[in-house]
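Visitor: Sequence:
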Amino acid sequence: MSVRFYNTMTNKKEEFVPLEEGKVGMYVCGITAYDMCHIGHARSAVVFDVIFKYFKYRGYNVTYVKNFTDVDDKIIAKANEEGTDISEISERYIKEHNEDMDRFGIARPTMTPKATENIQGMIRLISTLIEKGLAYDVDGDVYFSVGKFKQYGKLSGRHIEEMVAGARIEVDEKKTNPLDFILWKSAKEGEPWWDSPWGRGRPGWHIECSVMSQRFLGTTFDIHGGGRDLIFPHHENEIAQAEGASGEIFARYWIHNGFIRVNQEKMSKSLGNIFNMREAMNQYHPEVLRLFMMHSHYRSPVDFSDESLAEARLGMERFYGTLRNIKQYLATDIDFSALSSKSLTGNDEAIFEKVTTLPERFTEAMDDDFNTARALGYIFDVVRLINGYCSDKKFRPTPEALYVLNAAMTAIREVGKVLGLFLEDPDDYFEQDKKREAAKFGLNIDEIERLIEERQKARAAGNWKKADEIRDHLVSKKITLKDTPETTTWTIG
RNA sequence: GGCGGCAUAGCCAAGUGGCUAAGGCAGCGGUCUGCAAAACCGUUAUUCACCGGUUCGAAUCCGGUUGCCGCCUCCA
Numbered sequence: 000m001s002v003r004f005y006n007t008m009t010n011k012k013e014e015f016v017p018l019e020e021g022k023v024g025m026y027v028c029g030i031t032a033y034d035m036c037h038i039g040h041a042r043s044a045v046v047f048d049v050i051f052k053y054f055k056y057r058g059y060n061v062t063y064v065k066n067f068t069d070v071d072d073k074i075i076a077k078a079n080e081e082g083t084d085i086s087e088i089s090e091r092y093i094k095e096h097n098e099d100m101d102r103f104g105i106a107r108p109t110m111t112p113k114a115t116e117n118i119q120g121m122i123r124l125i126s127t128l129i130e131k132g133l134a135y136d137v138d139g140d141v142y143f144s145v146g147k148f149k150q151y152g153k154l155s156g157r158h159i160e161e162m163v164a165g166a167r168i169e170v171d172e173k174k175t176n177p178l179d180f181i182l183w184k185s186a187k188e189g190e191p192w193w194d195s196p197w198g199r200g201r202p203g204w205h206i207e208c209s210v211m212s213q214r215f216l217g218t219t220f221d222i223h224g225g226g227r228d229l230i231f232p233h234h235e236n237e238i239a240q241a242e243g244a245s246g247e248i249f250a251r252y253w254i255h256n257g258f259i260r261v262n263q264e265k266m267s268k269s270l271g272n273i274f275n276m277r278e279a280m281n282q283y284h285p286e287v288l289r290l291f292m293m294h295s296h297y298r299s300p301v302d303f304s305d306e307s308l309a310e311a312r313l314g315m316e317r318f319y320g321t322l323r324n325i326k327q328y329l330a331t332d333i334d335f336s337a338l339s340s341k342s343l344t345g346n347d348e349a350i351f352e353k354v355t356t357l358p359e360r361f362t363e364a365m366d367d368d369f370n371t372a373r374a375l376g377y378i379f380d381v382v383r384l385i386n387g388y389c390s391d392k393k394f395r396p397t398p399e400a401l402y403v404l405n406a407a408m409t410a411i412r413e414v415g416k417v418l419g420l421f422l423e424d425p426d427d428y429f430e431q432d433k434k435r436e437a438a439k440f441g442l443n444i445d446e447i448e449r450l451i452e453e454r455q456k457a458r459a460a461g462n463w464k465k466a467d468e469i470r471d472h473l474v475s476k477k478i479t480l481k482d483t484p485e486t487t488t489w490t491i492g
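Counting in numbering that gives the first Met the number 0, the first sequence runs from 0 upward without gaps.
These are calculated hints, taken from the structure and not from any lab test.
One thing to keep in mind: the hints can contain errors.
As the list claims (entries may be wrong) - Straight line, CA to CA, 20 Å or less: simulated DMTMM-like cross-link-like pairs of lysine to aspartate or glutamate:
(1) K433 to E413
(2) K131 to D179
(3) K416 to D179
(4) K52 to E413
(5) K184 to D71
(6) K52 to E359
(7) K326 to E310
(8) K149 to D138
(9) K464 to E453
(10) K173 to D136
To be verified - Restraint-style ranges between C-beta atoms, simulated for each label pair:
(11) D72 to L329: 52 to 58 Å
(12) D228 to P396: 49 to 55 Å
(13) K131 to D72: 41 to 47 Å
(14) N60 to S267: 34 to 40 Å
Just so it is clear, the structure is predicted and the values come from calculations on it, not from any experiment.
In this text, a Cβ means the ideal position worked out from N, Cα and C, and glycines have one as well.
Start from the sequences, fold in the hints, and give me the full structure.
Guide: This is how it looks when you write it as structure tokens:
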């Protein structure tokens, strides 16, 4: 079996055959460093983080390159606003980006090049394009001549003539064809610049990705990814630049993630419905946000709302609840180290078989276009199975049972690691959750625990009326109690 | 105007030619519990927006209709 996924270039699911056996070269368009990251950036990061981790899980040696755009109009505007230079702005937001992504459980890519570190490579590529007659220089501005690249539009399925007729394109006197895009911009007063054969200026947006991807991954490489909105014009232009210059195929497979929506609308700055990552992480555990995203296929749009996040939180509670349960059983001093799967019989054996084959089902789901939703379904199956196993009246924590539970935990953790889930200690997870929820609802944890203690005394005395009064009071504050013979635990929400 | 995507139970969401249409949330009945909660068991779509067609057979393929969304301008 091999990994299959949807290739935007062909609009079909295809079997993935890497250029070089056992290796994957992947380039993903990163952020323009001029503002805090929002959950849309987080989704893209999660999608490619999971793909990165999954290829590694499948035994590939992956080189994952994700760039930072650190020179651009918006960065310049912000720098001018603050009376500083662009590097201060970009460095600040790259730092914020890394902090957010780390907290989100996103593994650092193999390489994270910056545009400004690759200006010479861009100048070389632009020069080649001019030599080949695919680009032209007008007063220090260099444009790509779209009409000269026969395959223009092959990724997005567009045709040059139709786009010209489409008319929403700004008229620029300097361009031969209104669809031509800029490769090099001449510097205006007060803008950062680099020397070039066409005078002082800076690169256009698209050129950096053509250069950096090929620099680190080769002229032709395996996978290029990014958000759906980058298909046109960004990725189309990257192809034109790279393939126009080299005459060879640029990226062999294209992966694009779907968008985050809010109330059925795209989340965008112009609509003012942006949720930034940091804010979201204060409201929900990063794993809850990841679970929410992975609940849907990576190419589908997902609707971001309090309801959907609350549901993801409940799902997370289910996973961690089972892991906590297993952890408690394993904390006893029953020794199961001498056992092997051969020692198991009957139900123990059947459950063991089912849980230890989870990675196989997980792989089957992920091999099919990174189907995280189906994979999660399989993990939920194991959770239900284990909960049933433990809650059976005949269940006893025998060494055999603990051996099975340990295998279940190992299997869940193994696949969870690829998805970036279940990485917390279950008790820590619930502790964090409690604090976060308490802060959200303005509740005082000490006060709650004092009331619970008071209720415990009433319960011990058989004063059910008082115990229930206290519980009702807490329930009205969204606090749920769970009594066990010895103690009472509680959760919010 | 051009290009593309989506439509599956109360909600979220897999499934893209053939076993009983995954899984989660919510609901209902039961087990457990002082009562609850959690957990478990059972139950909840003869049916996959609508209309035609292809096929022995379609949620899945084809054509049309309706609705929603994205891209075509910076955008993950």
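Visitor: All hints, please: hold or fail.
Guide: These are the hints, each one checked on the structure:
no., hint, in the structure
1, K433 to E413, "violated, 26 Å"
2, K131 to D179, "holds, 16 Å"
3, K416 to D179, "violated, 45 Å"
4, K52 to E413, "holds, 12 Å"
5, K184 to D71, "holds, 11 Å"
6, K52 to E359, "holds, 16 Å"
7, K326 to E310, "violated, 24 Å"
8, K149 to D138, "violated, 26 Å"
9, K464 to E453, "holds, 13 Å"
10, K173 to D136, "holds, 9 Å"
11, D72 to L329: 52 to 58 Å, "holds, 56 Å"
12, D228 to P396: 49 to 55 Å, "holds, 53 Å"
13, K131 to D72: 41 to 47 Å, "violated, 28 Å"
14, N60 to S267: 34 to 40 Å, "holds, 37 Å"
Of the numbered hints listed earlier, those contradicted by the structure are 1, 3, 7, 8, 13.
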